[in-house]
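Enquirer: Since each chain sits alone in its own frame, please combine them into the complex, following the hints.
Just so you know, the sequences run in chain order G and B. Numbering (our numbering) for the first sequence: 1 to 197. Numbering (our numbering) for the second sequence: 198 to 560.
To be clear, the hints were calculated from the coordinates, so they are not data collected in a lab. Heads up, none of these hints are tricks.
Here are the simulated SDA-like pairs of lysine to any residue, each with C-alpha atoms no more than 20 Å apart in a straight line:
id	chain 1	residue 1	chain 2	residue 2
1	B	LYS341	G	PHE70
2	B	LYS341	B	MET285
3	B	LYS281	G	ASN25
4	B	LYS535	G	ILE159
5	B	LYS341	G	LEU75
6	B	LYS281	G	VAL27
Keep in mind it's a predicted model, so treat the numbers as computed, not measured.
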Amino acid sequence: MEVIAFSILSAIVLIAAFCVIAARNPVHSVLFLILAFFTSSGLLVLIGAEFLAMLLIVVYVGAVAVLFLFVVMMLDVDFVELKQGFLNYAPFGGVVALVFFAEIALVASAMGASRPETFDASPNAETNVEAIGQVMYTDYLLLFQISGIVLLIAMIGAIVLTLRHRPGVRRQSVEEQTGRKRADAVELKDVRPGQGI
Amino acid sequence: MEQFLGWTENPILLVLLSLGQILLVTVVLLLAIAFLLYFDRKVLAGTMLRKGPNVVGPFGLFQSFADFGKFVLKEMIIPAGANKTVFMIAPILATTLSLICWAVVPIAPGWVVSDLNVGVLYLLAMSSLGVYGVIMAGWASNSKYPFLGGLRSAAQMVSYEVSIGFVLVTVILLSGSMNLTTIVESQTGGFWNWYAFKLPTIIVMFPMMVIFFISALAETNRPPFDLPEAESELVAGYQVEYSGTPFLLIYLGEQIAITLMCAMTSVLFLGGWHSPVGDLGLFDENTLAGLLGTGTFESLIGAFWFALKVTFVFFMFAFVRALVPRYRYDQLMRLGWKIFLPTSLVAVLLISGYVVYTSAAAA
Chain G
1 MEVIAFSILS AIVLIAAFCV IAARNPVHSV LFLILAFFTS SGLLVLIGAE
51 FLAMLLIVVY VGAVAVLFLF VVMMLDVDFV ELKQGFLNYA PFGGVVALVF
101 FAEIALVASA MGASRPETFD ASPNAETNVE AIGQVMYTDY LLLFQISGIV
151 LLIAMIGAIV LTLRHRPGVR RQSVEEQTGR KRADAVELKD VRPGQGI
Chain B
198 MEQFLGWTEN PILLVLLSLG QILLVTVVLL LAIAFLLYFD RKVLAGTMLR
248 KGPNVVGPFG LFQSFADFGK FVLKEMIIPA GANKTVFMIA PILATTLSLI
298 CWAVVPIAPG WVVSDLNVGV LYLLAMSSLG VYGVIMAGWA SNSKYPFLGG
348 LRSAAQMVSY EVSIGFVLVT VILLSGSMNL TTIVESQTGG FWNWYAFKLP
398 TIIVMFPMMV IFFISALAET NRPPFDLPEA ESELVAGYQV EYSGTPFLLI
448 YLGEQIAITL MCAMTSVLFL GGWHSPVGDL GLFDENTLAG LLGTGTFESL
498 IGAFWFALKV TFVFFMFAFV RALVPRYRYD QLMRLGWKIF LPTSLVAVLL
548 ISGYVVYTSA AAA
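Bound conformation, chain B alone (with noise of 0.2 Å):
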């Protein structure tokens, strides 16, 4: 970034510039959800012992392309009694609000979009607005099975966002920034410094990175928390009316989530863009790096990390599609704010008392 600083005082150039970041981002995000939708999907078959999709492209992987010609070339539905404006809206905000969380998350050293300081309020308030989506899509069409999907929705997201805070706040707590690139920074070093791993805070950091992840699951609406689109009492939920490309667009907002989700569990918990093992001196000037320069070398090793960590997360949740069966309503509410909401409170204590002891101790 700093060698191109001289021509960056351009303003149109700089607009130009982060212009393209972003779609650098957008590309590549949905082109790694394409096949991270694949590999949802074979996990799946895999664990009922079918083969699952292996038509398309060599073993299936092109499945997703062809879905996506598929949603793109068909007829789109707008029911007559539905609110019009609403429902082309909803689609459009439930992807546009999981992609612009994006802009914060560090994938490797220097590589985000905007590195903001207050990049995990903003991630929580992002999230916290997706469910607007659901909402508007499950009132505008206008129909009972989408309205009760809708509301359910919105109960869910609400309840489980409060802990999602809590678990949130024990990793500011620790690293003592809410910038989302320091977090990783304070995690340097092989696994044993990452938050979920690191001791003493173990004891309380591994339960809370499993409250997260569970948290999660009932944030992004995934099995077995899809009480939404819950097909055996609802038929889809709140998208039963969509079709075409707006049902796409839906269908493509919740995956961003999940992915978001799955980004968000690696950089707090497991460490970025560090690789297990510390550097293993890969970033001498005598290695690779030197061809490079050590700074991209080190950004494409951190790359590769951190896809590895939410390909490994977005594994957890195609695994827990496929071995949990659904909660029923009650047992959902009774989960997040019984026992999610005082566990993470207590470990907010805990944490606050450690930091305190610590740093107290170190002065």
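Just chain G, with the same shape it has in the complex (with noise of 0.2 Å):
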């Protein structure tokens, strides 16, 4: 059972994985990308952890691509432009293919050596929300933070590069709006006819 859901759903990730970068229309790319990502978090499910599963759904699926995809949508993309540009940067692009697999060759001739017979997705723990809780405050503490800290940078640097001041712009205070009562903006005035205010 579990190697039959195992064989379709790799299938499924490596299919949409190659049409990410074979489709033409960029939009149906990210469409590809997500089904990836959301299959991938299948096999997650598969071996177990369905903790990383879920946040991968919740991070990448239902919070990246969705602004990487409405970004794409807004592009107003050139597709002969596009091709016309594929020879100039092919040599560059294999180079880093090249580096790229020649890592994962690495890496998987050195895990070939050492792999575990079983895996065990929540070790000490009765589910693996509370064993990577556990391990992720108590032992890797520091780094946690480190990368909240990184992260809290992140966000302060993008609002730092989109904040521009421009002089004459009229903003609204919301508290202006909301505290204003009927005595200042109507006024009854007891006009006499022929003489006006």
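Expert: Pasting the structure below:
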């Protein structure tokens, strides 16, 4: 049963990952990327790491890929122009691909010697949420905090990059708007005929 | 369940059993939604001093089925400029994604399709996927209004998910589990044990329920946050180009998501299947319970209370739609990011402090 599920899921992941680079339309690429993410979370469920599977969906599929799709949909991509640039980038892209392939081959050959026969998704705990929490907040507390600070800096950096103070922009003040009373806006005048105010 | 375990050793029978459960939940859910839709329209009509649907069947009860027939028989139009594959996948995705959320919702003691350990996270993940149905529909239509609707919806749903996540964290902290069945079981007893009303956390948790409810309105694109389909600006938003069965699927997906949010409110804050006044000694051997078997009887009563709570929260959804005018988009974003997010963050701090304090006092 598990073998069948694994074969189906990994086949879908591979096909979807191939389609990400093969698809002509960038929006289709992102959609295939989402399919690949989603299916790999299925693979994580198969080995019993359901917490990681759900996190993968919540973070990558639910938030990152949505914003990705958001940006790609707004781009006005010229397909003909994209095709023309292909040969210029091919050598550099080939080098990067070669490096990646060599790294993966190295890691795989190193893993082959020490691969454990059985995999325990939640060691020393009942659920893998507890297992991850116990390790993350004790042994790796410092690294955890540092990664939090890195994310905070990235967030502040993004805000600083996009923040522009332009002169002459009239900003709305919500407090002023909601604090407005009837007396501030409307005034009743008793106007005499033929005189005006 | 346990008495059948003997013959469920066979994997094929096990698959058939869970398929049967899934079918049962789906059929009951769809039937319930047919009548909830009718209820929604009746509430809206009542607040506007209209009669509402009253022609098909007694009191118009079968209006939803007539609508269903109309949508199925109508011609399905695919715009020439649309991206046909994505255009057709979007409604299917919308319905499927909101249906599979129901797999982890505990309806009564033992009545749940999949008792996941990370049930709350699963719900969060699947409801965050719901945005894809909308954004794909908006983009694939290849038209201005649907696209604007899709973009609005993507920004809105991602924003409100954040505060929903923090509200969920407070409930997880109090119950100490991400399993929805465990969360409901930790609220056993009368309504004073439900997380929304339990002392002394009521000071924080009742406002959290309100925040959850409002965020659920935004997450499901319900009025007053229905900007993705604001008909005065965008005709009908992301669903402009849809007709016939695909439109039915989009609409159905929305309704299932709304019902799911009602169910989540009752599971997380209103004690799920528990009755508001304790069990009243109904489950003694000499009453009706003895006849049916205690477990079955308890489940039936539990399902009744659960349905009642879901209907009550749905009534609130319908009432809000009738009473509150639509928000402006900047007001919507301000509410989500500048009010709900800090409030729920402070609530997480307070609740975790409370949990640490009480567990230290107990030890």
